[in-house]
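Number of protein chains: 2
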Amino acid sequence: VSNLINYPNLKKPRKTDKEINFANRGMSLENDLNLTNEYYRSIGKAIIHKKPLPLQIVAVDYRKRSAARITEAYFKTPSTTDYNGVYRGFYLDYDAKETNSLTAFPLSQVHQHQLKHLQAVIQQKGIAFLIIRFTKCNQDYLLLAKDLLAFIAKNARKSLAKSWIEENAYLIKQALNPRLSYLEIIDQIIEEVKYV
Amino acid sequence: VSNLINYPNLKKPRKTDKEINFANRGMSLENDLNLTNEYYRSIGKAIIHKKPLPLQIVAVDYRKRSAARITEAYFKTPSTTDYNGVYRGFYLDYDAKETNSLTAFPLSQVHQHQLKHLQAVIQQKGIAFLIIRFTKCNQDYLLLAKDLLAFIAKNARKSLAKSWIEENAYLIKQALNPRLSYLEIIDQIIEEVKYV
Numbered sequence: 101v102s103n104l105i106n107y108p109n110l111k112k113p114r115k116t117d118k119e120i121n122f123a124n125r126g127m128s129l130e131n132d133l134n135l136t137n138e139y140y141r142s143i144g145k146a147i148i149h150k151k152p153l154p155l156q157i158v159a160v161d162y163r164k165r166s167a168a169r170i171t172e173a174y175f176k177t178p179s180t181t182d183y184n185g186v187y188r189g190f191y192l193d194y195d196a197k198e199t200n201s202l203t204a205f206p207l208s209q210v211h212q213h214q215l216k217h218l219q220a221v222i223q224q225k226g227i228a229f230l231i232i233r234f235t236k237c238n239q240d241y242l243l244l245a246k247d248l249l250a251f252i253a254k255n256a257r258k259s260l261a262k263s264w265i266e267e268n269a270y271l272i273k274q275a276l277n278p279r280l281s282y283l284e285i286i287d288q289i290i291e292e293v294k295y296v
Numbered sequence: 101v102s103n104l105i106n107y108p109n110l111k112k113p114r115k116t117d118k119e120i121n122f123a124n125r126g127m128s129l130e131n132d133l134n135l136t137n138e139y140y141r142s143i144g145k146a147i148i149h150k151k152p153l154p155l156q157i158v159a160v161d162y163r164k165r166s167a168a169r170i171t172e173a174y175f176k177t178p179s180t181t182d183y184n185g186v187y188r189g190f191y192l193d194y195d196a197k198e199t200n201s202l203t204a205f206p207l208s209q210v211h212q213h214q215l216k217h218l219q220a221v222i223q224q225k226g227i228a229f230l231i232i233r234f235t236k237c238n239q240d241y242l243l244l245a246k247d248l249l250a251f252i253a254k255n256a257r258k259s260l261a262k263s264w265i266e267e268n269a270y271l272i273k274q275a276l277n278p279r280l281s282y283l284e285i286i287d288q289i290i291e292e293v294k295y296v
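Those protein sequence lines, which keep their order, are chains A and B. Just remember that my numbering sits 100 ahead of the position in the first sequence, which is counted from 1. Just remember that my numbering sits 100 ahead of the position in the second sequence, which is counted from 1.
No wet-lab data here; the hints were simulated from the structure. Mixed in with the good hints, there may be bad ones.
When chains are identical, the list treats them as one kind, so a pair holds in a single copy or across two.
Said to hold, decoys possible - Here are the simulated DSS-like pairs of lysine-lysine, each with C-alpha atoms no more than 27 Å apart in a straight line: (1) Lys176 <-> Lys145; (2) Lys225 <-> Lys145; (3) Lys150 <-> Lys176; (4) Lys150 <-> Lys273; (5) Lys176 <-> Lys258.
In isolation and in its complexed conformation, chain A is listed as follows (with noise of 0.2 Å):
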C-alpha cells in the first residue's frame, strides 16, 4: 500500500473572514481555481478542469439499482498535477499550491513525481506551471514549471524565498470575475514564448 496516502483534509471554503473583501473572501486557492475555470469556461475563453482525485476502489455495494456504493476505497498518489486543459490551441497543466509563510514556499510541496510530469509536459510543448498562494499576505503567483526546474537544478535549498519568487513568478490579478486572471498572464507567456 505504498502509493496510498493519508489525505488529510477534504478541502472545504473557510468560514467568511470578518473583513469582506470583494477580491478574495477567504476562499481556498482550490475554490478560486474552480470558479475561476467555470467562468473561463462558460464564456468560451478556455477548457480547463481540475481531475478528479484518484482512488483505490476496493469494495462497492450493487444492491440498491439507484446507485452504486462504494463502500472501501483509498486516496492514490495522483501521477500528474491537478489541472489540464486547452487554451488558444496551447495544452496548459498546472498544480496549484497553499502557504502559510510568509517568507518562503517549501519545495516539499512539490512532489517528485509532478516534477517529472511538468518535465515531460514542458518537453511534448505545453505549457506548465504552478500557482502558488501565499494565504496570509493573499497573493497568488503563477511560477513557470521551466523557471522551477532550473532553480532545483542549480540549488540545494529546500525553499523558493519569497523575494525570489517575486522576481521570478507572475503576480495574478484577483477580481470578482475572474477571481485569478491567470490566463492574461499566460497570453503574454505565449506571445513571448518563454514557456520552454
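Start from chain A and add chain B according to the hints.
For chain B alone, kept in the frame of chain A given last:
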C-alpha cells in the same frame, strides 16, 4: 442525486481468449489504451493520461493513521472525456467506446455533455476525437469529433453505420507495442489540419 449514476462494472481485463493473438489478446479497449499511453510516455512521445473516475465522497474514516479509508462514495457523471494530454504542442482529448454490434455504433453511447465538451475543445483548437472499438471484428477506429458533430447536425439517426465509419474514420493499426498506434493518425491529421 441526479448526477449520480450506476456504473455497471469496473472494467477488469477479460479472461484470455482461447485463440492467442499478439495484436489483441482480448483485453478491453481501456486496457489497450492505458498500455499504449504508458508506452508513449515511457519513450517521451506524448503525455496522455486517463482521468480518474469522479466520485462523490460522503464519508471517510480517519482513524487509521496509515491511510484514510473512504467508507461511502458514489460515482458521478464525468463532465468531460476520459483521456487528455499533450503531443507535439497539441492538446489531445478523447473518449474510448466499445460496441458489440457488427454493423453500427449506437450514438446513445456518447453523452450530451461529452458532445458539448468535444465541441468546446475544437473551439480552443484542441484535437478532439473518439476511439471506437468494434469488439467482435476486433477493429479500432479514430473518429474526429468534428466529423461526428457534423453527422449529428445533419442526421436524425441514432447510430453510425459501420460502413460510414469505415469511410469517415481512421482504422488504427494494432500491434504489440504500442498496441494502438493512434498517434500516427494524429500526425496525419495535424499535417492536413483536419481537426478543426
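Hint check results:
For a Cα distance limit of 27 Å, the shortest separation of Lys176 from Lys145 across copies, 26 Å, qualifies, whereas the shortest one inside one copy, 32 Å, does not. For a Cα distance limit of 27 Å, the shortest separation of Lys225 from Lys145 qualifies both inside one copy, at 20 Å, and across copies, at 11 Å. Taking identical chains as interchangeable, the C-alpha atoms of Lys150 and Lys176 lie at most 27 Å apart whether they share a chain (16 Å) or sit on different chains (14 Å). Taking identical chains as interchangeable, the C-alpha atoms of Lys150 and Lys273 lie at most 27 Å apart only when both belong to the same chain, with a minimum of 21 Å there against 32 Å between chains.
Taking identical chains as interchangeable, the C-alpha atoms of Lys176 and Lys258 lie at most 27 Å apart only when both belong to the same chain, with a minimum of 25 Å there against 39 Å between chains.
No hint from the list above goes unmet by this structure.
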